[in-house]
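Residue numbers (the working numbering): -8 to 335.
Simulated from the structure, these hints should not be mistaken for laboratory data. Predicted model only: the values in this text are computed from it and were never measured. Be careful, since some hints might not be right.
Stated by the list, open to error - When the alpha-carbon atoms are kept at most 25 angstroms apart in a straight line, the in silico SDA-like pairs for lysine to any residue are as follows:
(1) LYS311 x PHE297
(2) LYS31 x ASP169
(3) LYS288 x THR304
(4) LYS129 x THR33
(5) LYS288 x LYS248
(6) LYS290 x THR304
(7) LYS134 x GLN199
(8) LYS49 x THR157
(9) LYS49 x ARG132
(10) LYS248 x LYS327
(11) LYS218 x VAL179
(12) LYS314 x GLN301
(13) LYS170 x TYR232
(14) LYS285 x LYS311
(15) LYS174 x GLY224
(16) LYS327 x GLU286
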Amino acid sequence: SASDFSVNKEGQIRFGLSALKGVGEGPVEDILAEREKNGKYTSLWDMMRRLNLRTVNKKVLESLALGGAFDCFEGVHRAQYFAPSDKFDTLLEHALRYGNAYQAQKAQSMNSLFGASEDVMIPEPSFPECEPWSLLEKLNREKEVTGIYISGHPLDDYRLEIQAHTNCTLDNVENQPDKKPLKLAGIVSAASHRISRKGTGWGRFTVQDYNGSLEISLFGDDYQNFKNFFEIGQVLFIMGYMERRWNNDERFFKVTKVSMLESAGETLTNAITLKLPVEALSSELMDTLERLCKEHKGKHRLRFTFLDHQNKTSLTFASKKKKVNATNGFCEALEKLGIEFELG
-8 SASDFSVNKE GQIRFGLSAL KGVGEGPVED ILAEREKNGK YTSLWDMMRR LNLRTVNKKV
52 LESLALGGAF DCFEGVHRAQ YFAPSDKFDT LLEHALRYGN AYQAQKAQSM NSLFGASEDV
112 MIPEPSFPEC EPWSLLEKLN REKEVTGIYI SGHPLDDYRL EIQAHTNCTL DNVENQPDKK
172 PLKLAGIVSA ASHRISRKGT GWGRFTVQDY NGSLEISLFG DDYQNFKNFF EIGQVLFIMG
232 YMERRWNNDE RFFKVTKVSM LESAGETLTN AITLKLPVEA LSSELMDTLE RLCKEHKGKH
292 RLRFTFLDHQ NKTSLTFASK KKKVNATNGF CEALEKLGIE FELG
């Protein structure tokens, strides 16, 4: 990355480091100048040995880690930078102490009578073991310092559920006819809980998906029934329809049911159908499918549709013995094999 937004050789936009909250141009200039002079940073410890730690302080390191600037260091995930390390609250605090100690000893060695050698014998701290953040936590923390989602979208983990169980994207809700049942999915990006002049609660919320956003207002019983779902960061499955207010022609989205998308996907998915072209069938493929089904045993019915493209015919069979857990893991394994499928 550079100080400002840039485009790499693959045409991808690179987020400017100085645009990260809490970083600023001064530390970024030091980081880039040292990289230009002495080459790429190979690890967090390499950075701590080389940088001016008076400008690249704890706040700067935290913003860089949250924004994904350290993702280039292999074998380390973002949660590890904020996990306790030795007697320090976080690894980044430990890293700063290591860097300051290393640089102080190096300066002392160079200034001493016997300072011919620049080797400094301070061992690198070990990375603490901890669970990686969930995709949602990772992206929410990323957004704290970037203002946008960069390395993914909170709905990425629910792509299959959205594809299978929704019938409208949020940018198209207002184009739907009145009373048409709509099934939507999105993440709550704004929530405002209020009290009316009569002392009753109501709320106004914004839900986002990949395509756009929808503002939802809840009053009366609807607010009481659904308010706990509408908290920022919650990923929801929402059912409802467009209708007009009784006292004017204004249209709004009427919520009839809300649930967490994760649990809704488990409830709504009854079966998975694998679509297999007959010309692609082989004993190797069937053995692989057999292994996958064993690894992902569950409650969802398993069907096979065999496609004969040459004769333009197909046959569907339901397995009487096998049931699977049609999770993202199972479905992603099918995608890697090039197998089309349908959740239902």
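Evaluated hints:
In summary, the hint linking LYS311 to PHE297 is supported, as the alpha carbons are separated by about 17 angstroms, within the 25 angstroms threshold. A distance of roughly 58 angstroms separates the Cα atoms of LYS31 and ASP169; the hinted pair therefore is violated under the 25 angstroms criterion. The suggested pairing of LYS288 with THR304 is violated, with an alpha-carbon distance near 30 angstroms, which exceeds 25 angstroms. In summary, the hint linking LYS129 to THR33 is supported, as the alpha carbons are separated by about 23 angstroms, within the 25 angstroms threshold.
A hinted pair counts as satisfied when its Cα atoms are at most 25 angstroms apart, and LYS288 with LYS248 does not qualify at roughly 30 angstroms. Our distance criterion of 25 angstroms between C-alpha atoms is broken by LYS290 and THR304, whose separation comes to about 29 angstroms. Annotation: proposed proximity of LYS134 to GLN199 holds, straight-line Cα distance about 15 angstroms (limit 25 angstroms). Of the pairs offered as hints, the one joining LYS49 and THR157 is violated, with about 44 angstroms between alpha carbons and a cut-off of 25 angstroms exceeded.
The hinted pair formed by LYS49 and ARG132 meets the criterion: a straight-line CA distance of about 16 angstroms does not exceed 25 angstroms. Taken as a hint, the LYS248 and LYS327 pair is broken in the structure, with Cα atoms around 35 angstroms apart against an allowance of 25 angstroms. A hinted pair counts as satisfied when its Cα atoms are at most 25 angstroms apart, and LYS218 with VAL179 qualifies at roughly 12 angstroms. Proximity of LYS314 to GLN301 is assessed by CA-CA distance (about 30 angstroms); at most 25 angstroms being required, the pair is judged violated.
Simply put, LYS170 and TYR232 have alpha-carbon atoms about 5 angstroms apart, close enough for the 25 angstroms limit, and the pair holds. Under the criterion of a C-alpha separation no larger than 25 angstroms, the hint pairing LYS285 with LYS311 is consistent with the structure, at around 15 angstroms. About 19 angstroms separates the Cα atoms of LYS174 and GLY224, which keeps this hinted pair within 25 angstroms; it holds. A C-alpha spacing of about 16 angstroms is found between LYS327 and GLU286, which places the hinted pair at or below 25 angstroms, so the restraint holds.
Consistency note: the structure conflicts with the earlier hints numbered 2, 3, 5, 6, 8, 10, 12.
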